[in-house]
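Novice: Order-wise, the sequence lines are chains E and Y.
Residues in the first sequence are numbered from 1 upward in steps of one, following the numbering used here.
Residues in the second sequence are numbered from 1 upward in steps of one, following the numbering used here.
Just so you know, the hints here were simulated from the structure itself, not pulled from any lab data.
Even glycine gets a Cβ: it sits at the ideal position worked out from N, Cα and C.
Hints may be right or wrong, so weigh each one.
Sample of chain E residues lacking proximity to chain Y, with all beta carbon distances greater than 12 Å (derived) [what the hints assert, rightly or not]:
#1 G31
#2 P40
#3 V79
#4 A80
#5 I246
#6 A281
#7 R382
Just a few of them, taken from the derived set where beta-carbon distance is under 8 Å, the chain Y residues facing chain E [to be verified]:
#8 R122
#9 P123
#10 T125
#11 W133
#12 R134
#13 R138
#14 V145
#15 G147
#16 D148
#17 V219
#18 R223
#19 P326
#20 E352
#21 P355
#22 I359
#23 S459
Derived DEER-like restraints, expressed as beta-carbon distance ranges [what the hints assert, rightly or not]:
#24 Y:R131 / E:S14: 48 to 56 Å
#25 E:D441 / Y:G371: 43 to 51 Å
#26 Y:A346 / E:I445: 20 to 28 Å
#27 Y:R131 / E:G447: 53 to 61 Å
#28 E:D441 / Y:A420: 53 to 61 Å
#29 E:Q34 / Y:R156: 32 to 40 Å
#30 Y:E350 / E:A420: 23 to 31 Å
Protein chains: 2
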Amino acid sequence: MDGPLLVIDRDDASPLGAQLVEGLRRGILDGRLQAGDPVPSTRSLATELGVARSSVVAAYEQLAGEGYLEVRQGAPTRVAPLAAHASAMAPGRSVESVAPESAPAPSAAAGGDGELDLRPGRPSTARLDERAWRSAWRHAARVAVPGDTAPPFGERRLRSEIADHLRHARGVACSPDDVVVTAGTSDAVALLASALRAMAGGTPVVAVEHPGYPSARRVLERRGALLTVPVPVDADGIDVAALRAIRPTPDAVMVTPSHQYPLGGRLPVATRLALLEWAEASGAFVIEDDYDSEFRHVGTPLPALASLDRAGRAVLVGSFSKVLTPWLRLGYVVLPANAGLRDAIAAVREDETCPVPGIAQEAMASLLATGAVRRHIAAARRDYAHRRELLLAELSGMDGAPLSGLDGGLHAVVGLPSRALAARVVARLAAEGVLVSPLSDYSAIAGEGPSGLVLGYASPPDARLAGALRVVRAAVEHELSRRPHRWV
Amino acid sequence: MDGPLLVIDRDDASPLGAQLVEGLRRGILDGRLQAGDPVPSTRSLATELGVARSSVVAAYEQLAGEGYLEVRQGAPTRVAPLAAHASAMAPGRSVESVAPESAPAPSAAAGGDGELDLRPGRPSTARLDERAWRSAWRHAARVAVPGDTAPPFGERRLRSEIADHLRHARGVACSPDDVVVTAGTSDAVALLASALRAMAGGTPVVAVEHPGYPSARRVLERRGALLTVPVPVDADGIDVAALRAIRPTPDAVMVTPSHQYPLGGRLPVATRLALLEWAEASGAFVIEDDYDSEFRHVGTPLPALASLDRAGRAVLVGSFSKVLTPWLRLGYVVLPANAGLRDAIAAVREDETCPVPGIAQEAMASLLATGAVRRHIAAARRDYAHRRELLLAELSGMDGAPLSGLDGGLHAVVGLPSRALAARVVARLAAEGVLVSPLSDYSAIAGEGPSGLVLGYASPPDARLAGALRVVRAAVEHELSRRPHRWV
Numbered sequence: 001m002d003g004p005l006l007v008i009d010r011d012d013a014s015p016l017g018a019q020l021v022e023g024l025r026r027g028i029l030d031g032r033l034q035a036g037d038p039v040p041s042t043r044s045l046a047t048e049l050g051v052a053r054s055s056v057v058a059a060y061e062q063l064a065g066e067g068y069l070e071v072r073q074g075a076p077t078r079v080a081p082l083a084a085h086a087s088a089m090a091p092g093r094s095v096e097s098v099a100p101e102s103a104p105a106p107s108a109a110a111g112g113d114g115e116l117d118l119r120p121g122r123p124s125t126a127r128l129d130e131r132a133w134r135s136a137w138r139h140a141a142r143v144a145v146p147g148d149t150a151p152p153f154g155e156r157r158l159r160s161e162i163a164d165h166l167r168h169a170r171g172v173a174c175s176p177d178d179v180v181v182t183a184g185t186s187d188a189v190a191l192l193a194s195a196l197r198a199m200a201g202g203t204p205v206v207a208v209e210h211p212g213y214p215s216a217r218r219v220l221e222r223r224g225a226l227l228t229v230p231v232p233v234d235a236d237g238i239d240v241a242a243l244r245a246i247r248p249t250p251d252a253v254m255v256t257p258s259h260q261y262p263l264g265g266r267l268p269v270a271t272r273l274a275l276l277e278w279a280e281a282s283g284a285f286v287i288e289d290d291y292d293s294e295f296r297h298v299g300t301p302l303p304a305l306a307s308l309d310r311a312g313r314a315v316l317v318g319s320f321s322k323v324l325t326p327w328l329r330l331g332y333v334v335l336p337a338n339a340g341l342r343d344a345i346a347a348v349r350e351d352e353t354c355p356v357p358g359i360a361q362e363a364m365a366s367l368l369a370t371g372a373v374r375r376h377i378a379a380a381r382r383d384y385a386h387r388r389e390l391l392l393a394e395l396s397g398m399d400g401a402p403l404s405g406l407d408g409g410l411h412a413v414v415g416l417p418s419r420a421l422a423a424r425v426v427a428r429l430a431a432e433g434v435l436v437s438p439l440s441d442y443s444a445i446a447g448e449g450p451s452g453l454v455l456g457y458a459s460p461p462d463a464r465l466a467g468a469l470r471v472v473r474a475a476v477e478h479e480l481s482r483r484p485h486r487w488v
Numbered sequence: 001m002d003g004p005l006l007v008i009d010r011d012d013a014s015p016l017g018a019q020l021v022e023g024l025r026r027g028i029l030d031g032r033l034q035a036g037d038p039v040p041s042t043r044s045l046a047t048e049l050g051v052a053r054s055s056v057v058a059a060y061e062q063l064a065g066e067g068y069l070e071v072r073q074g075a076p077t078r079v080a081p082l083a084a085h086a087s088a089m090a091p092g093r094s095v096e097s098v099a100p101e102s103a104p105a106p107s108a109a110a111g112g113d114g115e116l117d118l119r120p121g122r123p124s125t126a127r128l129d130e131r132a133w134r135s136a137w138r139h140a141a142r143v144a145v146p147g148d149t150a151p152p153f154g155e156r157r158l159r160s161e162i163a164d165h166l167r168h169a170r171g172v173a174c175s176p177d178d179v180v181v182t183a184g185t186s187d188a189v190a191l192l193a194s195a196l197r198a199m200a201g202g203t204p205v206v207a208v209e210h211p212g213y214p215s216a217r218r219v220l221e222r223r224g225a226l227l228t229v230p231v232p233v234d235a236d237g238i239d240v241a242a243l244r245a246i247r248p249t250p251d252a253v254m255v256t257p258s259h260q261y262p263l264g265g266r267l268p269v270a271t272r273l274a275l276l277e278w279a280e281a282s283g284a285f286v287i288e289d290d291y292d293s294e295f296r297h298v299g300t301p302l303p304a305l306a307s308l309d310r311a312g313r314a315v316l317v318g319s320f321s322k323v324l325t326p327w328l329r330l331g332y333v334v335l336p337a338n339a340g341l342r343d344a345i346a347a348v349r350e351d352e353t354c355p356v357p358g359i360a361q362e363a364m365a366s367l368l369a370t371g372a373v374r375r376h377i378a379a380a381r382r383d384y385a386h387r388r389e390l391l392l393a394e395l396s397g398m399d400g401a402p403l404s405g406l407d408g409g410l411h412a413v414v415g416l417p418s419r420a421l422a423a424r425v426v427a428r429l430a431a432e433g434v435l436v437s438p439l440s441d442y443s444a445i446a447g448e449g450p451s452g453l454v455l456g457y458a459s460p461p462d463a464r465l466a467g468a469l470r471v472v473r474a475a476v477e478h479e480l481s482r483r484p485h486r487w488v
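Looking at chain E on its own, in the form it has when it is part of the complex (with noise of 0.2 Å):
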């Protein structure tokens, strides 16, 4: 413990930035390193050990999307506050210990100030570009203010930034007045509903997944597209031969094939062009809500619906809520060529006008522009995967609870025996200061649909996260403990 905090072994098989990243690690584990303490400048360290500078950078930035550093701009980055939990990231160290017989107090549980919250759709901001940031609100706040509403599809400028983002992010060729901006997925599943009712000439029938995306249904429902049908979903996605046996067809599905939500299904390639070989044929929409797909751990991503549809029946639809924030509610709709749609939005458009502000509509466009999302993309997948690896490590291997759903996005399912079970362990874990989903919450018939929990892991820190992990597994292995005895 007395010898040197860093040695660089430049014999090492490992690379010299992982070295300083699992140096400055171990030396924040085991205390020699205190929460508060200034951590040497990056010119100091990287002259002192005579590496580069941009590597003490990436290690530095790596170690605060982790949780174990604090970065403020002008101030010297400092050992973050991990108090209570230091431990939990120790190496090979074994869970069983820890079940609580009674539940701890929140704040113990949870890593030391309040609770945490792994319910999915929060994405981590730790690694947001602030400069970059700034700037582009600076640039917006200087465009001359209209006294006009923005355009009923959005801001030119955006719709152009937008359409070059997905030709690299998704590989969809879409051309700016393709795109019509939103106030997010919930404003672009009510502009489609408004839409297709007023196509449809009275209530309109939307398939939706089962288990699925519980309050796009529910704008659905409000929206007076009154009936939602719901589709099963199995390990691939949507069930097309389900879907195919509705009766009324319905107008349009809403489907997430690049990672079905919340299971976590891919849909292949074959299913892709069924589901678009039925929408042909039965003149309906297929929307597809590529919620998460800049977030792919294994394999690559499949193309979008849009990309493989000839017949003018995939919608697109996606935001900035996962990529950047949900703070900032703003998304898009990529229309196919059907101009029977592209009225009835337009008409919507028309009367109710684009909801998201101009200003913002300019600030998002020189983020885009800047390449200042992109980089966040690849900064936050490394923090991304890294917290997958920590969530696979933390909850594999529970007899009767698989973990499933991890291959994308920022969330993963832990399946349980049965509704009461994962409801006692969510009660369990809020009264422990975590905060998770029942998969329950899920599903499209009330009362039916797979058991479980699911978690979102993109948003704390890793110690953080991988304390409440812990208490996760407890808590489940607890409540499957307590099952009567099976005698056969």
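Place chain Y on chain E using the hints.
Specialist: Chain Y in isolation, oriented as in the chain E frame:
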């Protein structure tokens, strides 16, 4: 013409500021000051004339608001390009001689650069304090970006500033807890429609003014509040007796008591009380769309319904669309003390989240907190009062085309004998590059209701407005003169 441009006469009855404005305006109109000419700095002109610098600043500001001067930050103030329309402002000029027999080219008619939009709903942003605007956004961009949505009813800070604003501007005593932040009036109406639907447990019935705000009516219909029932409007506003007679009793009525949209009536206090009495007796809500009460030109504004409401039935809907710009997409709902409505609104917002970007809420809170909004309203009010005088001067006294609706707000109504004639005037004006709305667009009963034009006068600078109004008068008089002779 060769004397000094500005002579300040301290014995003159008119105030110094008015003499300054008058002198400069005359100089521009008679061509001694040419488009593009820089005017002296406020400091040097003040010294030269021996007046306070603030008087010169105020005079320049007024002339900029009227469209005679162009103010740009960091550049000298210059004479604006009025060109073809300078003469429009010459006092006492009669309009008869300019009535075009055939439509002149749009550019000539509308002021030298493209069409002029006199459809209502477009405020002027010429007075916007750019420094305060930029500073508000700079501040907002410094707020730490959360990885989560804003709270369902909006950011606390903004709700609190809106409550303060309403206390001062409208005498509405509400708490921040009563305020729900919205993306403008359409979003507010959609939110209320969803809540009413949930409360009614079916299709609610909402009474609307006829004629009235067409897009609010369509938003209601689109959001499943399927049944909108028209209620006639008289010179004062909604006809409460007609409302009382509707069976089944509506779940809500939507009204514009400050300045009936579009006819311009102001609901007397006694009628306001009768309306609230009806609401209390029938368990209905009264939704007050308070879209422009900040700009009252004649008489004092009457109290908002919310401030008269004792039974928890009055809902106040407002926005910063007229006060600042609809480009902002920012508004609010003030909820009455009614647990059922609050719960229903909360349920919708929990699901769909607050559609206003958190950063826009922060910026708006700053604009309110620093007094920038209050100052902007005061400055804009002076401009609008001036433009209203101009409109009265240009459009009063047309036989068969009475002018009305001008006691408050930013638009006027020109009555016309028939829809067909109004349609011809609208088309003729469009061909001449001046856009106005036919009154028939506001009808809630197809083919019924008064005929005429609705003109927004807030947005164009005075010189362009005067030119356009003369084109309007000529078109109206031309079409009126083409009517078949009356034989009686």
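Novice: Now tell me if each hint is right for this structure.
Specialist: How the hints compare with the structure:
1. G31: At about 29 Å from chain Y, E:G31 clears the 12 Å cut-off, so the statement holds.
2. P40: Correct as stated: the minimum Cβ-Cβ distance to chain Y is 26 Å, above 12 Å.
3. V79: The claim holds: E:V79 sits with its nearest Cβ about 20 Å from chain Y, beyond 12 Å.
4. A80: The claim holds: E:A80 sits with its nearest Cβ about 15 Å from chain Y, beyond 12 Å.
5. I246: holds (23 Å)
6. A281: holds (29 Å)
7. R382: Per Cβ check, E:R382 is outside 12 Å of chain Y; nearest 16 Å; holds.
8. R122: OK, holds: Y:R122 within 8 Å of chain E, min 5 Å.
9. P123: Cβ of Y:P123 sits 5 Å from chain E, so the hint holds.
10. T125: Since the shortest Cβ distance to chain E is 5 Å, the answer is holds.
11. W133: holds (6 Å)
12. R134: Status holds, d = 5 Å.
13. R138: holds (6 Å)
14. V145: Y:V145 check passes; min Cβ-Cβ to chain E is 5 Å, inside 8 Å.
15. G147: holds (5 Å)
16. D148: holds (5 Å)
17. V219: holds (6 Å)
18. R223: holds (6 Å)
19. P326: This interface hint holds because 5 Å falls under the 8 Å limit.
20. E352: holds (4 Å)
21. P355: holds (4 Å)
22. I359: holds (7 Å)
23. S459: Constraint on Y:S459 satisfied, holds at 5 Å.
24. Y:R131 / E:S14: 48 to 56 Å: holds (54 Å)
25. E:D441 / Y:G371: 43 to 51 Å: holds (45 Å)
26. Y:A346 / E:I445: 20 to 28 Å: holds (25 Å)
27. Y:R131 / E:G447: 53 to 61 Å: Given a distance of about 59 Å, which is inside 53 to 61 Å, the answer is holds.
28. E:D441 / Y:A420: 53 to 61 Å: Roughly 57 Å apart at Cβ, these two residues keep to the hinted range, so it holds.
29. E:Q34 / Y:R156: 32 to 40 Å: For Y:R156 against E:Q34, whose Cβ atoms are near 35 Å apart, the range 32 to 40 Å holds.
30. Y:E350 / E:A420: 23 to 31 Å: With a Cβ separation near 25 Å, Y:E350 and E:A420 satisfy 23 to 31 Å, so the hint holds.
The structure agrees with every numbered hint stated previously.
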